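Engineer: For the sequence shown, numbering that gives the first Met the number 0 begins at 0 and goes up steadily by one.
If you are wondering where the hints come from, they were derived from the structure by calculation, not from laboratory data.
Check before you lean on any hint, since a few could be wrong.
[Claimed, not checked] In silico lysine to aspartate or glutamate, DMTMM-like type, Cα no more than 25 angstroms apart, as pairs:
#1 LYS286 - GLU193
#2 LYS286 - GLU87
#3 LYS190 - GLU236
#4 LYS286 - ASP243
#5 LYS286 - ASP270
#6 LYS286 - GLU314
#7 LYS190 - GLU59
#8 LYS202 - GLU240
#9 LYS202 - GLU314
#10 LYS286 - GLU106
#11 LYS190 - GLU87
#12 LYS202 - ASP54
#13 LYS202 - GLU59
#14 LYS286 - ASP140
#15 LYS190 - GLU301
#16 LYS310 - ASP113
#17 LYS202 - ASP243
#18 LYS286 - GLU301
#19 LYS202 - GLU106
#20 LYS286 - GLU236
This one's a predicted model, so the numbers in the text were calculated from it and none came from an experiment.
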Amino acid sequence: MAEHLNRRRVIAIMGAAAGLGLIPFGRESMAEAHAVTWRGQAMGASASLTLHHHDRAEAERLIDGAVAEVRRLERVFSLYRDDSALVELNRTGALVAPPADMVTLLEASRAFRDISEGAFDPTVQPLWILYGEHFAAPAADPSGPSEERLREVATLVGLDGVRFSRDRIAFARHGMALTFNGIAQGYITDKVVELLRSGGITKSLVDMGEIRALGTRPDGSPWRVGVAALQNAREPEAVLEIVDKAVATSSGGGFQFDGAGRFNHLLDPHDGRPARLYRSVTVVAPKATEADALSTAFSLMERTSIERVLKTRPELEVHLTARSGDRLRLGGSA
0 MAEHLNRRRV
10 IAIMGAAAGL
20 GLIPFGRESM
30 AEAHAVTWRG
40 QAMGASASLT
50 LHHHDRAEAE
60 RLIDGAVAEV
70 RRLERVFSLY
80 RDDSALVELN
90 RTGALVAPPA
100 DMVTLLEASR
110 AFRDISEGAF
120 DPTVQPLWIL
130 YGEHFAAPAA
140 DPSGPSEERL
150 REVATLVGLD
160 GVRFSRDRIA
170 FARHGMALTF
180 NGIAQGYITD
190 KVVELLRSGG
200 ITKSLVDMGE
210 IRALGTRPDG
220 SPWRVGVAAL
230 QNAREPEAVL
240 EIVDKAVATS
250 SGGGFQFDGA
260 GRFNHLLDPH
270 DGRPARLYRS
280 VTVVAPKATE
290 ADALSTAFSL
300 MERTSIERVL
310 KTRPELEVHL
320 TARSGDRLRL
330 GGSA
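Please model the complete structure; the sequences and the hints are all you need to start from.
Structural biologist: So this is what it looks like as structure tokens:
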């Protein structure tokens, strides 16, 4: 979800050289002939891409194209680039002729908001600013922002206050702001997969802050993705085998506003409070956009509410790690 945060590093690619800060896991063999690997960053998170191709020059060309696509989308969705379309929208409150990708993600965000009973909402950025400014102040109250300030800022939250079309995006209220950090990395991952597929790639694992498998490993076996509920864990809590699926994990442990760790970055649009239900939530879905958005939303939803969503989405698989450390799998073949 969050650019410049490390919440995605609770996911690791197993048995492949695939990025920085990954959880060590075994020494599986993998054919390295014609393997070309790129490592870098996407939206501030560690990212990697490994292609297996008979033509090394073609693999390098495809990787260059993928990186160029990532940089293009950062100019749309980044909160940390002064030249991004999102920064311009948040600064001025309106955007004429917005990038098509931004409108597409607003449409997707509206759908995920409806699916999640309002738990997913990209207009929570004013809450993020509130918590950030509160705890950055000298002698900040450790109990967090006052109820009065939370109520004030809550009036700026709500996707219905964003009017958008292919021609224009505008906020209904002064002070509103968007963040796509709960969905953009998944979207970027999917766009890279589309680019690779159009280039003839049928087997790859893409990690642009979210992970999506394109086909199988070169030897025909599933890709293996390790999931840990805590930052910097030495061993995964679970190893998922995926083929043509995506995995995203949200964890409040990825970033806290305060030193005591009581206030994390997963903020509930309903009351402005940080997520407290789970240590981590992992979603396996056909596409990374969906896995990303729903891992964010499910972090704020009770189990019964998640199960209601799964009844209409049988293709989803959800792994919950409670704050006690107990683990539960929902959906899929559970």
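Engineer: Could you work out which earlier hints the structure fails to respect and list their numbers in ascending sequence?
Structural biologist: Numbers 2, 3, 5, 14, 15, 19, in rising order.
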